[in-house]
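Whenever a hint applies, use it, and build me the whole structure from the sequences.
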Amino acid sequence: MDGVYIHPASLNSIPLYDPYDNARQWIERVERIAALYGWSDACKLNVAICRLGEEAAAWHMGMGHITNTWRAFRQAFFERYDLDRRELFRRLAHCRQGHSESVRTYADRYRRLSALLGVDPDGDPLHMHNFLQGLNERVYRRVFLMRPETLDQAVHL
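In terms of our numbering, the sequence shown opens at residue 874 and continues consecutively.
No lab work stands behind these hints, which were simulated from the structure alone. Quick caveat, the model's predicted, so the values are computed rather than measured. C-beta atoms are modelled at their ideal positions from N, C-alpha and C, and glycine is treated no differently. Honestly, I wouldn't trust all of these hints.
What the hints assert, rightly or not - Ranges between beta-carbon positions, derived for each pair:
no.	residue 1	residue 2	range
1	R905	M934	48 to 56 Å
2	R1020	I879	44 to 52 Å
3	I922	E960	22 to 30 Å
4	Q1026	R985	42 to 50 Å
5	I879	D997	20 to 28 Å
If you want it as structure tokens, here you go:
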């Protein structure tokens, strides 16, 4: 990486990118940390690639030579992950608890999507209902009967 020492704390201050995260905020964070430590564009690119989560890393492997500069990576990354509001609402509407996923993890994922849209699921009964509908059938029956009013209440039932 350009012969520049990357301190583990600086690397770890950039979270692994998850496609449910805000792509622009993630890139801005990489750029802020890079400016703080004086990284070159090549160094930024290498660090960003190292901090891609599993799905995004698979995407990058498929892009290969197309994203061999920071500028090209940034542009391709935004084209792939900077979703418009319609797509985010679609993801929120179809958000479902994974088969082996805990209710807390599902709720955290639902909250992240809600935050990207500026939606408060605790303050909107429609979004709370959508969250409950996304629970696994067995969990849904148990939680729905308790009529939770917030995601935290649903998680703790």
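Earlier hints that do not hold, by number = Result: hints 1, 4 and 5 break, sorted rising.
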